[in-house]
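Here is how the chains run, residue by residue.
Number of protein chains: 2
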Amino acid sequence: MPGPPRHPVRIEDPSDPRIAGFVSIRERDLTGRQGRFIAEGTVVLRMLAAAHRAGRGVAAEAILLLENRIAGLADVLAEFPADVPVFAAEARVFDAIAGFNMHRGVLALGRRDAMPGMDTLIAGLPASSLVLAACGISNHDNMGTLFRNAAAFGVDALLMDASSCDPMYRKAIRVSVGSVLTLPFAREGTAASLIERLRAAGFEIWGLSPSGETDIAGIPPAPRTALLVGTEGEGLPEAILSSVHTARIRQRPGLDSLNVAMAAGIALYQVASVNGRI
Amino acid sequence: MPGPPRHPVRIEDPSDPRIAGFVSIRERDLTGRQGRFIAEGTVVLRMLAAAHRAGRGVAAEAILLLENRIAGLADVLAEFPADVPVFAAEARVFDAIAGFNMHRGVLALGRRDAMPGMDTLIAGLPASSLVLAACGISNHDNMGTLFRNAAAFGVDALLMDASSCDPMYRKAIRVSVGSVLTLPFAREGTAASLIERLRAAGFEIWGLSPSGETDIAGIPPAPRTALLVGTEGEGLPEAILSSVHTARIRQRPGLDSLNVAMAAGIALYQVASVNGRI
Chain A
1 MPGPPRHPVR
11 IEDPSDPRIA
21 GFVSIRERDL
31 TGRQGRFIAE
41 GTVVLRMLAA
51 AHRAGRGVAA
61 EAILLLENRI
71 AGLADVLAEF
81 PADVPVFAAE
91 ARVFDAIAGF
101 NMHRGVLALG
111 RRDAMPGMDT
121 LIAGLPASSL
131 VLAACGISNH
141 DNMGTLFRNA
151 AAFGVDALLM
161 DASSCDPMYR
171 KAIRVSVGSV
181 LTLPFAREGT
191 AASLIERLRA
201 AGFEIWGLSP
211 SGETDIAGIP
221 PAPRTALLVG
231 TEGEGLPEAI
241 LSSVHTARIR
251 QRPGLDSLNV
261 AMAAGIALYQ
271 VASVNGRI
Chain B
1 MPGPPRHPVR
11 IEDPSDPRIA
21 GFVSIRERDL
31 TGRQGRFIAE
41 GTVVLRMLAA
51 AHRAGRGVAA
61 EAILLLENRI
71 AGLADVLAEF
81 PADVPVFAAE
91 ARVFDAIAGF
101 NMHRGVLALG
111 RRDAMPGMDT
121 LIAGLPASSL
131 VLAACGISNH
141 DNMGTLFRNA
151 AAFGVDALLM
161 DASSCDPMYR
171 KAIRVSVGSV
181 LTLPFAREGT
191 AASLIERLRA
201 AGFEIWGLSP
211 SGETDIAGIP
221 PAPRTALLVG
231 TEGEGLPEAI
241 LSSVHTARIR
251 QRPGLDSLNV
261 AMAAGIALYQ
271 VASVNGRI
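Taken in sequence, the protein lines are chains A and B. Per full-length UniProt numbering, residue 1 is the first one in the first sequence, and the count goes up by one each step. Per full-length UniProt numbering, residue 1 is the first one in the second sequence, and the count goes up by one each step.
Heads up, a few of these hints could be off.
Same chains, same names: a pair is fine if it fits in one copy or spans any two.
Stated by the list, open to error - Simulated pairs of lysine to any residue, SDA-like, Cα-Cα distance not exceeding 25 Å:
id: 1; residue 1: K171; residue 2: T231
id: 2; residue 1: K171; residue 2: P5
id: 3; residue 1: K171; residue 2: R277
id: 4; residue 1: K171; residue 2: A192
id: 5; residue 1: K171; residue 2: H140
id: 6; residue 1: K171; residue 2: N275
Note that these hints are calculated values from the structure, not bench results. This one's a predicted model, so the numbers in the text were calculated from it and none came from an experiment.
Looking at chain A on its own, in the form it has when it is part of the complex:
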């Protein structure tokens, strides 16, 4: 139920203490910030509003808009509770605050409570589940795309080993179009322990690799399926591949294999289709 129209507080001075949380967020984004995160752009702002209302540990703390974006965002702003402050600034002030100009005039600060660990997350999955498991993903673009695809194709949880990068970074959240804020995930431990946990929970685990044994079109339906993808460069190590089912995506020979996020998208589409999830 949308609330009344919001009237942003005008900020004239980049050093105004009310917007201190937004100052130089680009650099701070690189350092990890105690459960806080940055949302950029209209689509992510809308997802933040949805996550905030859902009340599952994600909350908006403040919103900062470029003056000329306010009118077009009235409906999105109305989706936030009235106690979330909304600030507005002209371009010169806005850029002086944020320290960069990649924000599209729409920024929010959010907070995420400590999330359940991987065991708790797995224990809470429904009897019929689809999981995306990712190991050694180091690129925030790929991480964001994995989340976006996982959400699109009905994945219940995204599980990562500890060597994967943090999906709560600004760029990953943006590329995920906000799915990082709504899709349950956990990131801990080794690839081997991740596989062990999934197997113990009754998952059929399919490792994706150009050398996989089964065409992805041949992955059978199962109550619980986990699709496993590896690092951008090397893919999944042999020790992992030898411990799970393996699947490949047909493509023309003699070319570099598909990007990991693309491969995951195609395979998820296939597995979600065969399991009637989309």
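With chain A's structure known, arrange chain B on it following the hints.
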């Protein structure tokens, strides 16, 4: 047939006239350069060697390597003719030459001759063909990914309207893992004229859209199929969609539609499969 080992010419001075072509290539990359292009990274360098040997209008002019990359690239260098000069520099000199540090220590300058126009390209397609047609693609990442996917799934040509960005830019070439150098393409005219040309050549044209009528799994095999994708934000305009078959990719409701390059990858995989091309 690989040639003899290459011995790079050491460059000690960033102003050495022999490597003038590499100076500040980042800025020049933004300006369009008379058929010249920049190849970055090992994978693209290998594709450049293949394109050079194929002799279809793409040639390497010079290669510049970071000292510590030489040993690992001996096999790739041997794939270039002996008259393509190879230079090497230490990191300090290399960065001073190139003006940025995103090159992974592997750069090449290439030249592309004027390519056949769209009509000539279409006229030369085989009786059984798969074409990817793209309109209004403005992001070089997406453009590169479209090429990478098109190559992986056996597309014969990638056709773009004039409003799409130039795939010969450094970043698009890199993201395409060099497929821009080997996959035939043309970029000219309007979306409407592109469709008209494909239709006149007997193509079944399928526009991809979240509102498409047919599930992509229902696109029937055909001797000549063209998959059509639109801009990142708005997708294909209604005037275009009403003039072609339309297809959609099933996904969970209530989310942003898939990224254009991801959607094209999934649909190409499907169409290439049903037509026995992969």
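How the hints compare with the structure:
no. : hint        : result
1   : K171 / T231 : both (18 Å within a copy, 21 Å between copies)
2   : K171 / P5   : neither (29 Å within a copy, 43 Å between copies)
3   : K171 / R277 : neither (28 Å within a copy, 36 Å between copies)
4   : K171 / A192 : neither (28 Å within a copy, 35 Å between copies)
5   : K171 / H140 : both (6 Å within a copy, 17 Å between copies)
6   : K171 / N275 : neither (31 Å within a copy, 37 Å between copies)
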